[in-house]
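Generate the whole structure from the sequences, applying the supplied hints.
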Amino acid sequence: MTALITSLPTEFKVAQVDYSAIAPMLIVTAGALVGVLVEAFAPRRLRYAAQVGVALVALVAAFVVLVTVSVDAQGLTLERAVVIDGPALFLQGTVLLMSVLGVLTMAERFGGESPDAFTPMGAAVPGSPQEASAMRAGLMSSEVFPLTLFAVVGMMLFPAAGDLLTMFVALEVLSLPLYLLSGLARRRRLLSQEASLKYFLLGAFSSAFFLFGAALMYGYSGSIYLGDISKAITSASGELDGLLIPGVVFLLVGLLFKVGAVPFHSWTPDVYQGAPTPVTGFMAACTKVAAFGAILRLVYVGLEANRWDWRAGVIAVAALTMVIGSVLSVTQTDVKRLLAYSSIAHAGFILVAVLAFDKLGVAGTMFYLVAYGFATIAAFGIVSMVRQGGSEASHLSQWAGLGRNHPVVAAVFAFLLLAFAGIPLTSGFTAKYAAFSPAIAFGGRAGVSLVVIGVLCSVITAFVYVRLIVLMYFTEPAGGEVVAEMPSPMTTVALSIGTLVTLGLGIFPAQVLSLAESSSVFLR
Amino acid sequence: MSHAATWAFRVRVAAAAATSRHVPAQVARLPRVSPYVVVAAVVLVGLLLFVAAMGARALLAPKAPTRAKLTTYESGVDPVGQGWAQTQIRYFVYAFLYVIFAVDAVYLFPWALVIRSTGLGAASLVEIGVFIGILLIGLAHAARRGLLRWF
Numbered sequence: 346m347t348a349l350i351t352s353l354p355t356e357f358k359v360a361q362v363d364y365s366a367i368a369p370m371l372i373v374t375a376g377a378l379v380g381v382l383v384e385a386f387a388p389r390r391l392r393y394a395a396q397v398g399v400a401l402v403a404l405v406a407a408f409v410v411l412v413t414v415s416v417d418a419q420g421l422t423l424e425r426a427v428v429i430d431g432p433a434l435f436l437q438g439t440v441l442l443m444s445v446l447g448v449l450t451m452a453e454r455f456g457g458e459s460p461d462a463f464t465p466m467g468a469a470v471p472g473s474p475q476e477a478s479a480m481r482a483g484l485m486s487s488e489v490f491p492l493t494l495f496a497v498v499g500m501m502l503f504p505a506a507g508d509l510l511t512m513f514v515a516l517e518v519l520s521l522p523l524y525l526l527s528g529l530a531r532r533r534r535l536l537s538q539e540a541s542l543k544y545f546l547l548g549a550f551s552s553a554f555f556l557f558g559a560a561l562m563y564g565y566s567g568s569i570y571l572g573d574i575s576k577a578i579t580s581a582s583g584e585l586d587g588l589l590i591p592g593v594v595f596l597l598v599g600l601l602f603k604v605g606a607v608p609f610h611s612w613t614p615d616v617y618q619g620a621p622t623p624v625t626g627f628m629a630a631c632t633k634v635a636a637f638g639a640i641l642r643l644v645y646v647g648l649e650a651n652r653w654d655w656r657a658g659v660i661a662v663a664a665l666t667m668v669i670g671s672v673l674s675v676t677q678t679d680v681k682r683l684l685a686y687s688s689i690a691h692a693g694f695i696l697v698a699v700l701a702f703d704k705l706g707v708a709g710t711m712f713y714l715v716a717y718g719f720a721t722i723a724a725f726g727i728v729s730m731v732r733q734g735g736s737e738a739s740h741l742s743q744w745a746g747l748g749r750n751h752p753v754v755a756a757v758f759a760f761l762l763l764a765f766a767g768i769p770l771t772s773g774f775t776a777k778y779a780a781f782s783p784a785i786a787f788g789g790r791a792g793v794s795l796v797v798i799g800v801l802c803s804v805i806t807a808f809v810y811v812r813l814i815v816l817m818y819f820t821e822p823a824g825g826e827v828v829a830e831m832p833s834p835m836t837t838v839a840l841s842i843g844t845l846v847t848l849g850l851g852i853f854p855a856q857v858l859s860l861a862e863s864s865s866v867f868l869r
Numbered sequence: 412m413s414h415a416a417t418w419a420f421r422v423r424v425a426a427a428a429a430t431s432r433h434v435p436a437q438v439a440r441l442p443r444v445s446p447y448v449v450v451a452a453v454v455l456v457g458l459l460l461f462v463a464a465m466g467a468r469a470l471l472a473p474k475a476p477t478r479a480k481l482t483t484y485e486s487g488v489d490p491v492g493q494g495w496a497q498t499q500i501r502y503f504v505y506a507f508l509y510v511i512f513a514v515d516a517v518y519l520f521p522w523a524l525v526i527r528s529t530g531l532g533a534a535s536l537v538e539i540g541v542f543i544g545i546l547l548i549g550l551a552h553a554a555r556r557g558l559l560r561w562f
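Taken in sequence, the protein lines are chains A and B.
For the first sequence, our numbering gives the first residue as 346, with consecutive numbering after it.
For the second sequence, our numbering gives the first residue as 412, with consecutive numbering after it.
Among these hints, one or two may not hold up.
With beta-carbon atoms standing in for the labels, derived distance ranges [said to hold, decoys possible]:
| hint | chain 1 | residue 1 | chain 2 | residue 2 | range |
| --- | --- | --- | --- | --- | --- |
| 1 | A | A549 | B | W522 | 37 to 47 Å |
| 2 | A | G583 | B | R468 | 47 to 57 Å |
| 3 | A | G564 | B | V449 | 13 to 23 Å |
| 4 | A | I785 | B | L558 | 53 to 63 Å |
| 5 | B | G492 | A | V753 | 53 to 63 Å |
| 6 | B | I539 | A | G583 | 23 to 33 Å |
| 7 | A | G564 | B | A533 | 17 to 27 Å |
| 8 | B | L559 | A | S580 | 47 to 57 Å |
| 9 | B | A513 | A | F550 | 37 to 47 Å |
| 10 | A | A549 | B | R468 | 41 to 51 Å |
| 11 | A | S580 | B | A533 | 39 to 49 Å |
| 12 | A | V753 | B | W522 | 38 to 48 Å |
| 13 | B | V444 | A | G564 | 21 to 31 Å |
| 14 | B | F542 | A | V800 | 16 to 26 Å |
List of simulated lysine to any residue pairs, SDA-like, C-alpha gap at most 20 Å [what the hints assert, rightly or not]:
| hint | chain 1 | residue 1 | chain 2 | residue 2 |
| --- | --- | --- | --- | --- |
| 15 | A | K543 | A | A553 |
| 16 | A | K358 | B | A533 |
| 17 | A | K358 | B | R527 |
| 18 | A | K358 | B | I526 |
| 19 | A | K358 | B | G557 |
| 20 | A | K358 | A | S459 |
| 21 | A | K358 | A | A553 |
| 22 | A | K704 | A | P608 |
| 23 | A | K358 | B | E538 |
| 24 | A | K358 | B | A534 |
| 25 | B | K480 | B | A469 |
| 26 | A | K358 | B | F520 |
| 27 | A | K704 | A | W612 |
| 28 | A | K358 | B | K480 |
| 29 | A | K543 | B | S528 |
| 30 | A | K543 | A | L521 |
| 31 | A | K358 | B | P521 |
| 32 | A | K704 | A | S782 |
| 33 | A | K704 | A | Y778 |
| 34 | A | K704 | A | V646 |
| 35 | A | K358 | B | V537 |
| 36 | A | K704 | A | S863 |
| 37 | A | K543 | A | P608 |
| 38 | A | K358 | B | A469 |
| 39 | A | K576 | B | K480 |
| 40 | A | K543 | A | W612 |
The set of hints was computed from the structure by calculation and includes no laboratory data.
Built from N, CA and C at the ideal position, the CB exists for glycine as well.
Written out as structure tokens, the structure is:
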């Protein structure tokens, strides 16, 4: 005991904080706190407008500060706990822009008083007196906006974490609001509550895996900092080698769960289906960005030195993720579940780029995340518009003949599906090229075989998407009036931006690609 | 400090006083064993004690079982209805608040140690103000939404 106390530093050391580097995160945090106060004290009729305004202002201000101030403040700050470098800035900016679109789609009211997708009382039993009285009292669900901002804070910290504990804190900060948000769907409440509970329980398991892995890595290297772990691996004495591989495996299990890679994917379809549709879009796009950012940093900064020991396992995970995600998407009958399995397959494609272990692999991963995220938010935004009898028409048979009544909506959705399939002139094609070419160049034989599997799986998923397009355009409507609701200007803006980015990255990818390449070097 | 702890403390002081005068020869001759072996031995002795006590009771106690004696004893009335029931968990908010402020207090202790050091006091005061301010915002929200009302 006395030995432990004497080994600690006697003088308390002040952590140096580079405020301009972490200013974007602080702005979003402040926005979330203001949102909490607005939720408590603003009068009810102003609350919706105030919450949407605060959220959008905070996100846009954070992005402006990020591109003007933080770019020049790169480095390790807060005693190495936060690393603001090229990949961190790129991914933080991506998360901020996508969450602007996410907030815009969540704010959709379809002519009602409060956000259309959310229930005012998440804990109430569906159809119970409490829920009815909450509806009568005009309670609102505007607390989703501060919750979203808190999740965004976690997502920004996750790819910038310089040590395993900060990474874990970021993981929890981004996960806890998402568990809540996915249980707040107004319609099909039981499905939503089930999704929330499943996500929470499985997420808690995966967090425990991550924490246990962090403990083993600390036991191995005597430090939680990624740079120190890397040094400990290269100068290994061989004494504690038994801790290294289990530690790496547990850490990767925790992170691969968040991206929905295959042995850890089973939550994805249920949660994507049950969560309110705008939340699903936000979650699918932004969580993937943050979690892949964390995987990139952990793998490239911390664990690259012994990658030959654990690479085979991740290669198997990537191959399984692509194959199972694309094969199971063939059998889906629900649009949201179909997009969920497609997101699993996309996670596999991104893992291929991660496994290239080169600067270009980092750039390919980041470009893919941008391309996939914008298309996903727009796609889920459209899913939330298509209605039958007031509730979402998510069954595939209800989408038959949509192209006749609503040509614009169907055309935009078809375009986004083509982007998911990776057809040229969409962002999907350039993204797949950016992800697969470093794998071929630097990944060796494993990289080439992964790319072959990836291309075959793309063909399978293309079949799924084309079948849906055929359903929308060349099939008679099954009966019953399926309509696409008229979206508000906010949703229209979000959908337009998402679609235009998808188109723009397909035709002129050079700008974003070169930005990704120039910001693909990790600081240690 | 409890009685037993005081006693243990006195023994340790006495032992320290004894070792400071002269090193006992028997202690020096004991073989050096790994601390894990000591832990394992303590666990083993604990298990043995338990088994011995239970075994002695089983051997010594008189036994005359009847059907009535073998039923599970329950005080009060027979259970009615099913085990699954919805309950009012009106204490959970207080449990939440307790957890939040307990953790808060844990973080205040190290701060209290450094608050008087020069060059650190002012900055740390602001930082702890931000920390507690964030918690208070949450509390204000909870109070305003009626979560602290008892009814």
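A quick look at each hint next to the structure:
Under the hint 37 to 47 Å, the C-beta atoms of A549 of chain A and W522 of chain B, about 30 Å apart, miss the expected range. G583 of chain A and R468 of chain B have their C-beta atoms about 52 Å apart, which keeps the hinted 47 to 57 Å range intact. At about 21 Å, the CB distance of G564 of chain A to V449 of chain B agrees with the hint of 13 to 23 Å. Between I785 of chain A and L558 of chain B the Cβ separation comes to about 57 Å, which falls inside the hinted range of 53 to 63 Å.
Checked against the hint of 53 to 63 Å, the C-beta distance between G492 of chain B and V753 of chain A comes to roughly 58 Å, which is consistent with it. At about 45 Å, the beta-carbon gap between I539 of chain B and G583 of chain A misses the expected band of 23 to 33 Å. Separation of G564 of chain A from A533 of chain B is about 38 Å and departs from the stated range, judged on CB atoms against 17 to 27 Å. The given range of 47 to 57 Å is respected by L559 of chain B and S580 of chain A, whose C-beta atoms sit roughly 55 Å from each other.
For A513 of chain B and F550 of chain A, the Cβ-Cβ distance of about 25 Å falls outside the hinted range of 37 to 47 Å, so the restraint is violated. Here the CB-CB span from A549 of chain A to R468 of chain B is close to 42 Å, well matched to the stated 41 to 51 Å. Distance hint for S580 of chain A and A533 of chain B: a CB-CB separation of about 41 Å, consistent with the stated range 39 to 49 Å. Under the hint 38 to 48 Å, the C-beta atoms of V753 of chain A and W522 of chain B, about 59 Å apart, miss the expected range.
The hinted range of 21 to 31 Å is satisfied by V444 of chain B and G564 of chain A, whose Cβ atoms lie roughly 22 Å apart. At roughly 52 Å, the beta carbons of F542 of chain B and V800 of chain A sit outside the given window of 16 to 26 Å. Our distance criterion of 20 Å between C-alpha atoms is met by K543 of chain A and A553 of chain A, whose separation comes to about 15 Å. Under the criterion of a C-alpha separation no larger than 20 Å, the hint pairing K358 of chain A with A533 of chain B is consistent with the structure, at around 14 Å.
Restraint check: the Cα-Cα separation between K358 of chain A and R527 of chain B comes to about 14 Å, which is no more than 20 Å; the hinted pair holds. Simply put, K358 of chain A and I526 of chain B have alpha-carbon atoms about 12 Å apart, close enough for the 20 Å limit, and the pair holds. A hinted pair counts as satisfied when its Cα atoms are at most 20 Å apart, and K358 of chain A with G557 of chain B does not qualify at roughly 42 Å. For the proposed pair K358 of chain A and S459 of chain A, the alpha carbon gap of about 49 Å is over 20 Å, so the pair is violated.
Restraint check: the Cα-Cα separation between K358 of chain A and A553 of chain A comes to about 30 Å, which exceeds 20 Å; the hinted pair is violated. A distance of roughly 28 Å separates the Cα atoms of K704 of chain A and P608 of chain A; the hinted pair therefore is violated under the 20 Å criterion. A distance of roughly 15 Å separates the Cα atoms of K358 of chain A and E538 of chain B; the hinted pair therefore holds under the 20 Å criterion. Proximity of K358 of chain A to A534 of chain B is assessed by CA-CA distance (about 13 Å); at most 20 Å being required, the pair is judged to hold.
Proposed proximity of K480 of chain B and A469 of chain B is supported: the alpha carbons are some 17 Å apart, at most 20 Å. At roughly 16 Å between alpha-carbon atoms, K358 of chain A and F520 of chain B fall within 20 Å of each other, so this suggested pair holds. A hinted pair counts as satisfied when its Cα atoms are at most 20 Å apart, and K704 of chain A with W612 of chain A does not qualify at roughly 32 Å. About 67 Å separates the Cα atoms of K358 of chain A and K480 of chain B, which puts this hinted pair outside 20 Å; it is violated.
Under the criterion of a C-alpha separation no larger than 20 Å, the hint pairing K543 of chain A with S528 of chain B is inconsistent with the structure, at around 48 Å. A hinted pair counts as satisfied when its Cα atoms are at most 20 Å apart, and K543 of chain A with L521 of chain A qualifies at roughly 13 Å. Between K358 of chain A and P521 of chain B the CA atoms are separated by roughly 12 Å; this keeps the pair inside 20 Å, and the hint holds. Taking the CA atoms of K704 of chain A and S782 of chain A, the gap is about 12 Å. The hint holds against a cut of 20 Å.
For the given pair, K704 of chain A sits about 15 Å from Y778 of chain A by alpha-carbon distance, which is consistent with the 20 Å threshold. Taking the CA atoms of K704 of chain A and V646 of chain A, the gap is near 12 Å; set against the 20 Å cutoff, the hint holds. Taking the CA atoms of K358 of chain A and V537 of chain B, the gap is near 17 Å; set against the 20 Å cutoff, the hint holds. For the given pair, K704 of chain A sits about 9 Å from S863 of chain A by alpha-carbon distance, which is consistent with the 20 Å threshold.
At most 20 Å may separate the alpha-carbon atoms for a hinted pair to count; K543 of chain A and P608 of chain A meet this at roughly 16 Å. Proximity of K358 of chain A to A469 of chain B is assessed by CA-CA distance (about 61 Å); at most 20 Å being required, the pair is judged violated. For the given pair, K576 of chain A sits about 68 Å from K480 of chain B by alpha-carbon distance, which is inconsistent with the 20 Å threshold. Taken as a hint, the K543 of chain A and W612 of chain A pair is honoured in the structure, with Cα atoms around 7 Å apart against an allowance of 20 Å.
Of the numbered hints listed earlier, those contradicted by the structure are 1, 6, 7, 9, 12, 14, 19, 20, 21, 22, 27, 28, 29, 38 and 39.
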